[in-house]
Amino acid sequence: MLTKRDLLLRAGSFLLLLALLLYPWPLVGRLFVQAFDVAANIGVAAALNDPEAQAHFAAADVAASDEPSAGEWNTVLSIQRGASDALTTISLGVRRLGYVPLATFVALVLVTPVERRRKLAIGTVGISLLLLRLSLAVALPLARAFGTLANDSPGGWLASVLYYSLIEPPNLMYAAPVVTWAVLVLFAAPPIALSAKGFPEASPPHPTR
Amino acid sequence: MRARKKVTKAARERGRRALAQKPSAVAESEPVGLFGARRTVAPFLGRFVIVAGIGLGLYYFPYDPRSFPARCMHHYLAAYAHLAGAAVRFFDSRVRVIGTDILGRFNLTFAMNCDAMDVFILFSSAVLSFPSTWRHRSLGLTAGLVTLVTLNVVRITSLYWVGVHFPRAFELLHIDLWPMAIVGATSGGFLLWARATVSASGTPSADKA
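In order, the protein sequences belong to chains A and B.
So for the first sequence, the numbering used here puts the first residue at 125; every next one is plus one.
So for the second sequence, the numbering used here puts the first residue at 29; every next one is plus one.
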């Protein structure tokens, strides 16, 4: 059972860890975008059936980027439906889509007061779920671009609702990892710092006569 | 002495039986948390997913722009923009609001997601799914709504101010810091409400839902 002091210490540790992870360290953005591009290109190559269609991810040119502050975090998706079609490019901000949610989740897991085995299980499942969300962020616009999901079809509506509910809103880059963490902690370790009477600790019983 | 010992034993036995009959009583092996026991977590999460899914689906559905829900949404966003514009006018009397646009020395457009509805839907889904009484739920929802609207109006006012005086910091505040603050406040608000509702009604019980 956590005391208020422990709780404050853990909240402070979380904020410190998050600040360290989100600080714009040199090369972090570039490395993350490169890893993302490699994984996304493998995924897209496996998923695309049409030999004429092309989709390729490549890191944005920082010097030419319209958004200098987030330039190194941007990747550019180039799509060509057929050999005769024009090349379409879409810029994706990978920091907001992938890095911040993962960093937030990792910081939350590290300060969670549970044993190492459970922490590892929560971390593994949570990161997998957040990577699934990231892959949806890529797959849904691609499916729409290649006409797999028509705009006025139930599949298109569902895709649109999924995209705008789970991926697009800026608040969700923090809300998604927080909800994922809370759900996994509730499943894996319900006694998280909470007593039967409340949070963080039950008040002492009133004296009775 | 013997008679006293017998009474004590009987009293202990009665106490044990009463504890075993209490709905909140759980086996020692089952962890006790904010939700009373692990078995109440799954129904809570199930209800949370359903309620949040319905709420997010209704909000993010790609309505036809001429349809009734789309027009309602536009009026709602315009009303919210007027509320935020009135707050901004405290600091800059030249600010005016046209439709969903807040126009002044720095222009803001009030779009979907600017109302933090995604976070409110998640919060209200958690409150509605939590084992509690309807009185506590309605109190939680009202307090959450008022707090979130107030926080959001403060957010828009600060964004306008930063946009006028420190335009380079606008993106950092808009995309990074305010979402973190809103998600943190909402999560903390839910925990406080859950603690208060559990303290007020004893231990949580799944059958109140």
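Hints listed in this document are in silico derivations from the structure and should not be mistaken for laboratory results.
Wrong hints could be hidden among the right ones.
What the hints assert, rightly or not - Below, in silico cross-link-like pairs of lysine to any residue (SDA-like), each with a Cα-Cα straight-line distance of 25 Å or less: (1) A:Lys128 / B:Leu219; (2) A:Lys128 / B:Val77; (3) A:Lys243 / A:Asp161; (4) A:Lys243 / B:Phe119; (5) A:Lys243 / B:Ser227.
Claimed, not checked - Okay, the calculated bits of chain B under chain A, using three or more residues with CB under 8 Å as the criterion: (6) 127-138; (7) 145-159; (8) 162-168.
Don't be surprised by glycine CBs; every beta carbon is placed ideally from N, CA and C.
Hint check results:
1. With a C-alpha separation of about 14 Å, the suggested pairing of Lys128 (chain A) with Leu219 (chain B) holds against the 25 Å cut-off.
2. At roughly 30 Å between alpha-carbon atoms, Lys128 (chain A) and Val77 (chain B) are farther apart than 25 Å, so this suggested pair is violated.
3. Under the criterion of a C-alpha separation no larger than 25 Å, the hint pairing Lys243 (chain A) with Asp161 (chain A) is inconsistent with the structure, at around 29 Å.
4. Simply put, Lys243 (chain A) and Phe119 (chain B) have alpha-carbon atoms about 48 Å apart, too far for the 25 Å limit, and the pair is violated.
5. The straight-line distance between the Cα atoms of Lys243 (chain A) and Ser227 (chain B) is roughly 29 Å, outside the 25 Å bound, and the hint therefore fails.
6. Here the segment 127-138 of chain B counts 0 residues with a CB under 8 Å from a CB of chain A, which misses the bar of 3, and the coverage is violated.
7. For a cut-off of 8 Å, the count of residues in the segment 145-159 of chain B with a CB near a CB of chain A stands at 3, and the three-residue condition holds.
8. By the rule of at least three residues with a Cβ nearer than 8 Å to a Cβ of chain A, the coverage given for the segment 162-168 of chain B is violated, with 0 such residues.
Checked against the numbered hints above, the structure breaks hints 2, 3, 4, 5, 6, 8 and satisfies the rest.
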